[in-house]
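S.K.: If you want the building blocks of each chain, they are given just below.
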Amino acid sequence: MSRQALLSVENLTMRFGGLTAIDDLSLEVPHKAITGIIGPNGAGKTTFFNCLTGFYKPTSGSVVMHHPVRGPVRLADLPSHKVARVAQVVRTFQNIRLFANMTVLENLVVAQHNALQKASVFSLAGLLRLPSYRKAADQALERALSWLTRLKLMEFVNHPAGALPYGTQRRVEIARALCVNPILLCLDEPAAGLNPKESAELNELLLYLCREEDVSILLIEHDMSVVMNVSDHICVLNYGRKIAEGAPADIRVNPHVVKAYLGEDDLEDDMAAAGA
Amino acid sequence: MQAAATTHAMTLPQRLKDAFSVAFIALLLGIPMIGLTTTDEGGTALKVLTRWPALALFVAICFVGRLALQVVREALARRRARRPAKAPAQAGSSRLLTVIGWAGVGAALLVPVAFSDNRYAVDLATTVLIYVMLGWGLNVVVGLAGLLDLGYVAFYAVGAYTYALLSTQLGWSFWQALPVAGGVAAFFGVILGYPTLRLRGDYLAIVTLGFGEIIRLILVNWTSFSGGPNGISEIPRPGLFGYNFTPPGSEHSIADLLQIDYSPMQRLFFLYYLILALALLTNLFVRGMRKLPTGRAWEAVREDEIACKALGINTTHIKLAAFAIGAMLGGFAGVFFAARQGFISPESFTFSESAIILAIVVLGGMGSQMGVVLASLVLVLLPELGRDFAQYRMLLFGAAMVLIMVWRPGGILAHRAPTLVYTGPKGDQA
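Those protein sequences? They're chains P and L, same order as listed. Heads up, the first sequence is in this note's numbering, so the first residue is 10 and it goes up one at a time. Heads up, the second sequence is in this note's numbering, so the first residue is 58 and it goes up one at a time.
Here chain P stands alone, though its shape is the one from the complex:
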């Protein structure tokens, strides 16, 4: 990690009563890279995302986003909508949370709510259709269409989001998150429920976003074909603790990781088989 970290997590702990979901986790997420977070079920991955994005208040520890313009922003102090608005950290969900009855285009325009709301001046400029608001609305439409084009979703533009195939919904959710203009995009199991072809397309998409669009990505994923192929850096959690960190090739053979996934019997081949 030679580059400066984008997000620094220090001694993060999250307790629910007697259960310690995240235990003294420290982690650095680098700029313009894909960071994978893996771990067995219940390892605290989604809880980590919830702490990051303001849905949970961590018990202790700090999460600091080094925003390129605004400087360091303490995420744990912000309500969830400000995490997206101020820190530009945007997340997706493990169970897709699209606005199912609204069209794909509407979903993407809602994601640009804050800019549009400002232009609508308490809805007055909007109701009167002042040029300033119409310009903002046109820009929002343009941005939505450009992401739809880049994510190859144009054919679904006017479809109700809830009626789309599962894999397409995942892409729409990513497109919607991108409309918020994220610096750090947190994806919670984006490959869950995808078939191998769709997973491969997802790999391509993630690499494209990171390399071409300069979006840093934090990725929770069980599908090893995705994590191992796209991640620059992987962090492994188990029982809320970080048990390993490093490049995909190192993680693959790390004895702690193999133990966490497969039990005591540390056979490298088994790990590879589980991954594939």
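Source of the hints: derived by calculation from the structure; they are not laboratory data. Incorrect hints may have been included.
Stated by the list, open to error - With a Cα cut of at most 20 Å, we get these calculated SDA-like pairs of lysine to any residue:
(1) L:Lys104 with L:Ile118
(2) L:Lys348 with P:Leu150
(3) P:Lys144 with L:Lys104
(4) P:Lys91 with P:Pro81
(5) P:Lys161 with L:Val478
(6) P:Lys66 with L:Val435
(7) P:Lys144 with L:Gly481
(8) P:Lys144 with L:Gly87
Model, not experiment: these values are computed from the prediction.
Assemble chain L onto chain P, guided by the hints.
M.R.: What follows is chain L alone, placed relative to chain P:
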């Protein structure tokens, strides 16, 4: 409703079994409703009489009717099977709705012309329009933002009492009080909205129900302020540019001003056109809001509040805006109600009013503007038309509600028109 799911023809024993079971249910229901009746014997005694022949007739009708229904259903199912499933032509149906909407506005404009000597008809049409306006207001909260509000009548009451008090105590005119009363109602909307921000669905419904009752109980019990159960009377009628619809010779009479013959119907027509204008403005406003960021966020909050937060939307503001705007529209309707009646009391703002307004929104189809109009017509006109049936009136009303929910579970018009449609490069968006 098992029979609805089957598309193949039933055998005769199946048919008979089905019809018998329906007849049996009809018998069970019919014993208290038709089989037994009471007559006044004079004094305090009521005598129970039996009407077995009527009950037998009722059960027989149900039995035969069920058999007939099976035949009709199968015929319909066969015809549907023959016709290939067509994709719903969305653009076509929304264009049709627009045409129907304009036709409805035209018809509404002509009501006083068509019934120029029928006081009852114009009065009834005015009542329908009050409910249409209330329905459009509640639609913001329930239909768009998805916040189940069972106490909407509270805002109606706040608007009505604000006007009543401002006009009788301080001498404000209708037009001065209208915006103020709307603002007061909106403030009460925020008061209700703020503590209930974290609640959804059933829990929110209970709190809003309580809120509606609190407002009513305050109005009943705070006699020095609201007149208590006696209400407030002699509320001034709305005028037009300072002139009133009063007999010639009185101060500022429109009849004198325009040199026309005075007729009490003129005021009724004016009230009718006033509520029509208020309702249409409400409609335009809500339609406009729906296409603005706030309106889209309302629908997004209805669909998924957590996703909204993750996208940087302050759901607190969005929900409070929904409560405030919904309440404001209810308040406007309340002002009109007070001005039209000339007398208000807490009696007019009971829970059953909230229930009717909510029923209008739900039966019409959540979020549908046209549906609200249709449902208001059904729910206000049906009990009126049913007056001839006297004691069976509520039965008719209930049956109509059940039938609508069976045929159209999403409401009369469940279609949701997108707020934004991409029609191709350089195509302008709707």
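S.K.: Now tell me if each hint is right for this structure.
M.R.: Each hint, compared with the structure:
For the suggested pair lysine 104 of chain L and isoleucine 118 of chain L, the alpha carbons sit about 28 Å apart, so the restraint of at most 20 Å is broken. About 13 Å separates the Cα atoms of lysine 348 of chain L and leucine 150 of chain P, which keeps this hinted pair within 20 Å; it holds. The suggested pairing of lysine 144 of chain P with lysine 104 of chain L is violated, with an alpha-carbon distance near 76 Å, which exceeds 20 Å. The straight-line distance between the Cα atoms of lysine 91 of chain P and proline 81 of chain P is roughly 14 Å, inside the 20 Å bound, and the hint therefore holds.
A hinted pair counts as satisfied when its Cα atoms are at most 20 Å apart, and lysine 161 of chain P with valine 478 of chain L qualifies at roughly 18 Å. About 50 Å separates the Cα atoms of lysine 66 of chain P and valine 435 of chain L, which puts this hinted pair outside 20 Å; it is violated. Among the hinted pairs, lysine 144 of chain P with glycine 481 of chain L is consistent with the structure: their alpha-carbon atoms are about 18 Å apart, no more than 20 Å. For the proposed pair lysine 144 of chain P and glycine 87 of chain L, the alpha carbon gap of about 65 Å is over 20 Å, so the pair is violated.
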